[in-house]
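Participant: Spelled out from the first residue to the last, the chains are:
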Amino acid sequence: MTPGRKIEVTRRSFLRGLGTATAGLALGWRVLDTASAAPVARAVSAGHAASPVVFAPNPFIQIGSDGVVTIVCHRSEMGQGIRSSLPVLLADELGADPAKIKVVQGDGDEKYGDQNTDGSTSIRKFFEPMRQVAATARTMLISVAATRWHVPAARLTAHDDAVHDPATKQSLPFAALAAAAAALPVPKTAKLRPQKELVHVGTELPLRDGHAYVTGQAAYAADIRVPGMLTAVIAHPPVVFGKLATLDDRRARAVPGVRHIIKLPAPTPPAGPQPLGGVAVVADHTYAAMRGRAALDVTWDAGPNGDYDSARYTDQLLAAVRAPGELVRKIGDAEQALAGAAKIVTAEYVVPHLTHSPMEPPAALARVDGDRCEVWACSQDPQDARAEVAKALGIPKENVTLHVTFLGGGFGRKSIPDFVVEAALVAKAAGVPVRVQWTRDDEIRHAYYHTHSAQALTAGLDAKGKVTAWRHRLAYPSISATFAPDKQHPSDGELGQGVLDLPLAIPNVLVQTGAAPQHIRIGWMRSVNNVQQAFAVQSFIAELAHETRRDPRDMLVEIVGPARVISPADQGLDKLGNYGQPITVHPIDVGRFHRVLDKVTQAAGWDRAKKEGRALGLAVHRSFLSYIGVVTEVSKNARGEPRIDQAWITADCGTIINAERVRSQLEGAFVFAMTSALHGAITVKRGAVEQRNFRDYPLTRIGEAPRKIHIDLIASDGPPGGVGEPGVPPVAPSIFNAIFALTGERVRTLPFRKAQV
Amino acid sequence: MTKLTVNGVAHDVDADDDMPLLWVLRDLIGLTGTKYGCGEALCGACTVHLDGRAVRSCVTPLRRAANHAVTTIEGLSPDGGHPLQRAWVELGVPQCGFCQAGQIMTAAALLAENPRPSDDDIDHSLAGNLCRCGTYVRIRAAVRKAAGV
Chain A
1 MTPGRKIEVT RRSFLRGLGT ATAGLALGWR VLDTASAAPV ARAVSAGHAA SPVVFAPNPF
61 IQIGSDGVVT IVCHRSEMGQ GIRSSLPVLL ADELGADPAK IKVVQGDGDE KYGDQNTDGS
121 TSIRKFFEPM RQVAATARTM LISVAATRWH VPAARLTAHD DAVHDPATKQ SLPFAALAAA
181 AAALPVPKTA KLRPQKELVH VGTELPLRDG HAYVTGQAAY AADIRVPGML TAVIAHPPVV
241 FGKLATLDDR RARAVPGVRH IIKLPAPTPP AGPQPLGGVA VVADHTYAAM RGRAALDVTW
301 DAGPNGDYDS ARYTDQLLAA VRAPGELVRK IGDAEQALAG AAKIVTAEYV VPHLTHSPME
361 PPAALARVDG DRCEVWACSQ DPQDARAEVA KALGIPKENV TLHVTFLGGG FGRKSIPDFV
421 VEAALVAKAA GVPVRVQWTR DDEIRHAYYH THSAQALTAG LDAKGKVTAW RHRLAYPSIS
481 ATFAPDKQHP SDGELGQGVL DLPLAIPNVL VQTGAAPQHI RIGWMRSVNN VQQAFAVQSF
541 IAELAHETRR DPRDMLVEIV GPARVISPAD QGLDKLGNYG QPITVHPIDV GRFHRVLDKV
601 TQAAGWDRAK KEGRALGLAV HRSFLSYIGV VTEVSKNARG EPRIDQAWIT ADCGTIINAE
661 RVRSQLEGAF VFAMTSALHG AITVKRGAVE QRNFRDYPLT RIGEAPRKIH IDLIASDGPP
721 GGVGEPGVPP VAPSIFNAIF ALTGERVRTL PFRKAQV
Chain B
758 MTKLTVNGVA HDVDADDDMP LLWVLRDLIG LTGTKYGCGE ALCGACTVHL DGRAVRSCVT
818 PLRRAANHAV TTIEGLSPDG GHPLQRAWVE LGVPQCGFCQ AGQIMTAAAL LAENPRPSDD
878 DIDHSLAGNL CRCGTYVRIR AAVRKAAGV
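Read top to bottom, the protein sequences are chains A and B.
Residue 414 in the numbering used here sits at position 414 of the first sequence; the count goes up by one each step and never skips.
Take any residue in the second sequence, note its place counting from 1, add 757, and you have its number in the numbering used here.
So that you can see chain A by itself, here it is in the shape it has in the complex (with noise of 0.2 Å):
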């Protein structure tokens, strides 16, 4: 486009306009499954001119005639860096150059297996998969390579987008072994590489769609065109399985640009991944429907939720934690200890509920042809929004095709598929495509909230200052009641992160779960549980000291006991969930939780910081497989009000595959931890959801965050842990143990600054 050339954009033309420029407005798509660093024009003419395929041995790795390797990422792209990372893991243990490999962007397809981008899982539950699947391959290209040289296949080496024979110092490129290595039958296993011969394993490595990012060219939900498409705004009822009363929508309907005003079925308990209802507007943009859903004039009945009030559930999870509830976790007599102890301390704990808030708020295109979906979707699990949305269709899951684009964040909001379905179910209402388009209100509305939570937390101390018992109450609605409404009580999942699991050197622990029913839907946010146990637990222990006239380092050692490993009996209990990990595997290990926390303490100049006049706490917490220590050093802001000046964190995450990622993952857990410790609350009155915009639901800015986040890695070769959830949950409770350093105040409901409306 030359600078100067004139456009005439009319809305008439550019809709006529998007039915022949399919290659242009794909840009934006195929951006995605492109190397990065090219231009997007550029990368999407080499996209066509690819060499044919000539070796595919499974879903993961294609090897073309001209030997360019291309590696599906089948996790969902969040701002975790997985494409920078799980890549190139299958290219150093293929023996292709890193630099050079291509990444595709995976459908939802069952063929790549768990596709579930959350938990922390793509590295640690595939490391030694995705490991195999490139041996696989790796194994193939070596037994052609032997069979032409005539020598054994054990001394060759695949590395480069080659393979070498170390004793004739001959190689064949993997461009010429490739068509022969399609005709091999695909072995079952593959023996893997040493973990040393992983040469970019554990670097700083490249961001692949650094440029694409800088640039505009990598390309969200929001950001997909195909030809004839419309955009949806939807009008969604303020309160849980609540349902349109009355609709006029003769005002919507005038609104210029408005074409359909479409009617969306009320779900039906338990509320799942189901669309809410509600009414869209469907237009020729965003602005249209976004004025048209302004102008219906609609009315809601509320449902059997509209009683619900966050601040009198408050006090209802209060008095849960005040009396005795379901018993999940005991060793000795907790309640005998504490009926002889020579001092008791309690303290009780309240966490709102809080939301996701990605930047980029949900948004999917669908367009529906006959017994065929075809959707694009910032979708954190796409099987399973390919799942809903056939059946909500019904039509049979393999006539839909999932596109994953960039996330502009997940943090598990996108985790669930409720607005995928509704383009799926408003694209095939309208007859033409339709992306629906959330706005900032209705993510902020309508979540699936991080739980609200009371804990009561009690110690019993002998005449010593030694904790002699230590019983923790919890009452919170559980994720599990919004796919099973039943339940009123934290699943064996919820309380394994970070109570049950929790290493204790005290003779009697007593943990019991008091009643709490949901009233709006409950989901996954970042670290999900542990955001209010490790606040609960690690507040606590730095309370202790302070009763006790102990540091609190010292305290903590001592509470969680020497360096040793913990078994479900050790813990009182039968078994332990473990992330879904055997246990044999990631063993609850003490004495990691002591590297982390000596290193973090020195890194931060624990020892000094009293002398020096420095405010410090510490948390440190394993979540997800992982060990992560935190210290946050504190002072007084001009207007006397803390400010977080800096802060240290240790991570012993097992094997890292891309240190340089791993660390902007601890450094954005930190500041987004900050806004649930600060700013974070969703309040509910009469059902409805309180808060509707960055105004009430304020984030961290830049103002606020720490001048200065240090970061230790531990170097490890043990299997990998979790990284993106696990750096969140030590946060606040470091945040306000040095609070508390520098102001003696504890602060034990949440957030610490009330959203100024």
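A portion of the hints provided could be inaccurate.
[Unchecked claim] Facing chain B, according to a computed beta carbon distance under 7 Å, are these residues of chain A, among others:
1. Val214
2. Ala254
3. Pro358
4. Met359
5. Thr458
6. Asp462
7. Val671
[Claimed, not checked] Computed list of lysine-lysine pairs in DSS-like fashion (alpha-carbon distance at most 30 Å, straight line):
8. A/Lys343 x A/Lys125
9. A/Lys636 x A/Lys599
10. B/Lys902 x A/Lys708
11. B/Lys902 x A/Lys636
12. A/Lys464 x A/Lys111
13. A/Lys100 x B/Lys902
[What the hints assert, rightly or not] Covered stretches of chain B, going by a simulated chain A footprint (3 or more residues, C-beta under 8 Å):
14. 805 to 814
15. 853 to 860
Think of the hints as simulated: they come from the structure by calculation, not from any bench.
Every residue, glycine too, gets a C-beta built ideally from N, C-alpha and C.
Once you've looked at the hints, dock chain B against the given chain A.
Facilitator: Chain B only, in chain A's frame:
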């Protein structure tokens, strides 16, 4: 018809002159690098330049942009070579990337006015740009790097 110049290209746009520039850019002209985040000038994801000044396109009506030069992330540099874009990639600033066009456009307007900003200047200038991934520490470092300070 409203005359609008975007990244040096003149357009005649047939739309309500109240229509926010954001939707003109995204839905009518097809430039999707500018993002919708909040619609109320609270997050900065939609930041573009109007005659070199950073504005929130989600609350800038078409009539206010008419007859002014609009620059979007697609037009900041021909090839992604603006010092801020280079610094952003070199320091690995983006996580999900969604807010970064707005961050960069705001920072570019800052550097045009104040070529050697302090951390406080950066914080002040970028106070209206949210990043939920929490890339702020690297954003500061990248602005400083681009500015050579």
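Participant: Indicate, hint by hint, whether the structure satisfies it.
Facilitator: We went through each hint and held it up to the structure:
1. Val214: Since the shortest Cβ distance to chain B is 4 Å, the answer is holds.
2. Ala254: Violated, because the Cβ-Cβ distance from A/Ala254 to chain B comes to roughly 13 Å (cut-off 7 Å).
3. Pro358: At 6 Å from the nearest chain B Cβ, A/Pro358 passes the 7 Å test, so the hint holds.
4. Met359: Where the cut-off is 7 Å and the nearest Cβ of chain B is about 4 Å from A/Met359, the hint holds.
5. Thr458: violated (35 Å)
6. Asp462: violated (43 Å)
7. Val671: Since the shortest Cβ distance to chain B is 3 Å, the answer is holds.
8. A/Lys343 x A/Lys125: Not satisfied, since the Cα-Cα distance of roughly 45 Å exceeds 30 Å.
9. A/Lys636 x A/Lys599: holds (26 Å)
10. B/Lys902 x A/Lys708: Given pair B/Lys902, A/Lys708 holds - Cα atoms ~16 Å apart, limit 30 Å.
11. B/Lys902 x A/Lys636: holds (29 Å)
12. A/Lys464 x A/Lys111: violated (60 Å)
13. A/Lys100 x B/Lys902: Between A/Lys100 and B/Lys902 the Cα gap is close to 28 Å, so the pair holds against 30 Å.
14. 805 to 814: violated (count 0)
15. 853 to 860: The restraint on the stretch 853 to 860 of chain B holds, since 6 of its residues have a Cβ under 8 Å from chain A and three suffice.
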